[in-house]
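Start from the sequences, fold in the hints, and give me the full structure.
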Amino acid sequence: MAIGVKIVERPIEDVSYVRAMFRGMALTVKHLFDVNGRVTTQYPEEKSPISPRWRGTHRMLTTETGKARCVACGLCPTVCPANCIKLVPGEDEEGNRYPLVFEIDEFRCIFCGYCQEVCPEEAIHVGRHYENSEYSRQGFVYDLQRLMDQTHPVCEMWDPEDPKGQ
Amino acid sequence: MSVFCGVYPLYEAIDPNNTPVSGGAFLIFTIVKMLIIFTVYMVGVAMLTLAERKISAWIQDRHGPNRVGKGWLQPAADGLKNFMKEETMPANVNKPLFVLAPILSFIPALTAWCVIPFGAPVATRWGRVDLVVADLPVGFLFILALTSLGVYGIVLAGWSSNNKYALLGGLRSSAQMVSYEISMGMSTIPVLLLAGNVSLNSIINQQAWGGWNVINLTVAFFIFMVAAFAETNRLPFDLPEAESELIAGYHTEYSAMKFSLFFIAEYASMVTASALMATLFFGGWDVPFTGHDNIGPYSGWLSLLSVFIFLGKILFFLFVFMWVRWTLPRFRYDQLMSLGWKIMLPLALIYIVVIAAVLLGLSAAGFQQGVWQAAILGSVNVIFVIVLFAILDRGRIISPAYGRMHPKEIERLRRLDRRQRVAVEAGR
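Read top to bottom, the protein sequences are chains U and D. With this note's numbering, you'll find the first sequence wraps up at 274, consecutive numbering, no jumps. With this note's numbering, you'll find the second sequence wraps up at 821, consecutive numbering, no jumps.
Rather than coming from a laboratory, the hints here were simulated on the basis of the structure. One should not assume that every hint holds.
[Stated by the list, open to error] BS3-like mimics (lysine-lysine), calculated; alpha carbons at most 30 Å apart, straight line:
{"no.": "1", "chain 1": "D", "residue 1": "Lys-478", "chain 2": "D", "residue 2": "Lys-463"}
{"no.": "2", "chain 1": "D", "residue 1": "Lys-488", "chain 2": "D", "residue 2": "Lys-557"}
{"no.": "3", "chain 1": "D", "residue 1": "Lys-463", "chain 2": "U", "residue 2": "Lys-138"}
{"no.": "4", "chain 1": "D", "residue 1": "Lys-447", "chain 2": "U", "residue 2": "Lys-155"}
{"no.": "5", "chain 1": "D", "residue 1": "Lys-463", "chain 2": "U", "residue 2": "Lys-155"}
{"no.": "6", "chain 1": "U", "residue 1": "Lys-138", "chain 2": "D", "residue 2": "Lys-447"}
[Claimed, not checked] Covered by chain U, per the in silico footprint, the following chain D stretches (three or more residues, Cβ under 8 Å):
{"no.": "7", "region": "449-458"}
{"no.": "8", "region": "711-720"}
{"no.": "9", "region": "772-786"}
C-beta atoms are modelled at their ideal positions from N, C-alpha and C, and glycine is treated no differently.
Rendered as structure tokens:
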């Protein structure tokens, strides 16, 4: 009793084990028969909605002719904080620049979305997508063809005019 | 019932169809009954693991296993997994005991079933077949003896594992079993007093004519139920395996099929305890509101119905086991002991005295077993339950530390505190 133990006089209905037990049993049996209250998402069949600003693995948008929109300006490898974009520019006979090599190492990527933000041609995008699995580390280095083949929706960038995305 | 006792041998004498089978037919029927019981029991135990997971899931607003064959094959998948897993044998275990322990915990629960009657007798061409593997005249004592053997498996597992958590689990288990075995045995004495016999069939017959024991002996039923929870190591009495305190208690060093055997043993003893509750307090296989299933002429359909009724009662108690497990938290060790020794044991003893006195008074007053006796017992029981509830409701039921204190006691503690503080001040 050296430390001032506070002795609380609680009413019987608060301290009775028997009543608390019956209350608990009633509660659990209520949940047992609450068929519509099941909260588990049956994952592979049913997926939780993800945010329109979700930043997942990348996707390269294409022009109507099916070519990559990228003009190999080199802004994305420059801005990339994780240094995961490898870009070797090329130039055709008409003087148009295009990427000879465009690779993104998705393991190094931190999904900040700067590449999408900086891209003047709106070519590279981070995607609204999360199911990534591969058999090897090399499988996570996406080349240009693979980036173009992705079909998943892309991230909507944050708009200062509409900060809550309404 | 005294009338009935006279009728029964008479009936046997006039109806040749009603004499028990004997000789080779008896042997064959017994083997068939054993095979059926074993199969149903093992499959049932496997399905119980699924039921447990489903019920726990539903109580927690989840779906539960629903992938392997819509969930129905989950026990098979679990069994397969346990067969494929590596059998680990830690260093310095006491090898013979380590191997023996899971077997020892499993066998008593299974063996107890051989004396539990699971249906009305069936009349066959060769005579009457009782739906019980062995109709022992000392059936109930046999069960008490066997179920208390179950603790050896747990204690030996704890001892032989060479692991401090396992040892602690085994120790807790032995303390718990000893504490609750007594009240369990005591709580059934009123039942035996009413039946006047320890054979389970006569207990069922007595209930068929005198009403279910749970109506007349509610307190005994509750004591038995709580003790059965403790005996099967189910929550809120799962101290021997207490995951949050002892890793997994006596399970800790076991893997693969040996672990699985412990798991099966837990469910097996749950089934046995449920069957006992159904038999001792809920009329066993007796079809309610009918008398003719108890004397015959026995028909196959009636026997089948009685088996299903017994099964339904068992399933209900199994559900209660699971319901309680997923509702109540584990007792503290001192709470467990105080509940066992300070509440259940005195209560069981008082109850024996009350029931024995009432029975003795009734027979002295000339009321033999019958409607009047049941009515008087029932009213005594109602009074007892109300008084008991009022006492238990005071908040002291399991928790000396949390219990309500008398105002005088609080005043004394405060004075002590003040004096100590004054002494400290003076010393400074």
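Worksheet entry | Contradicted hints - numbers only | none
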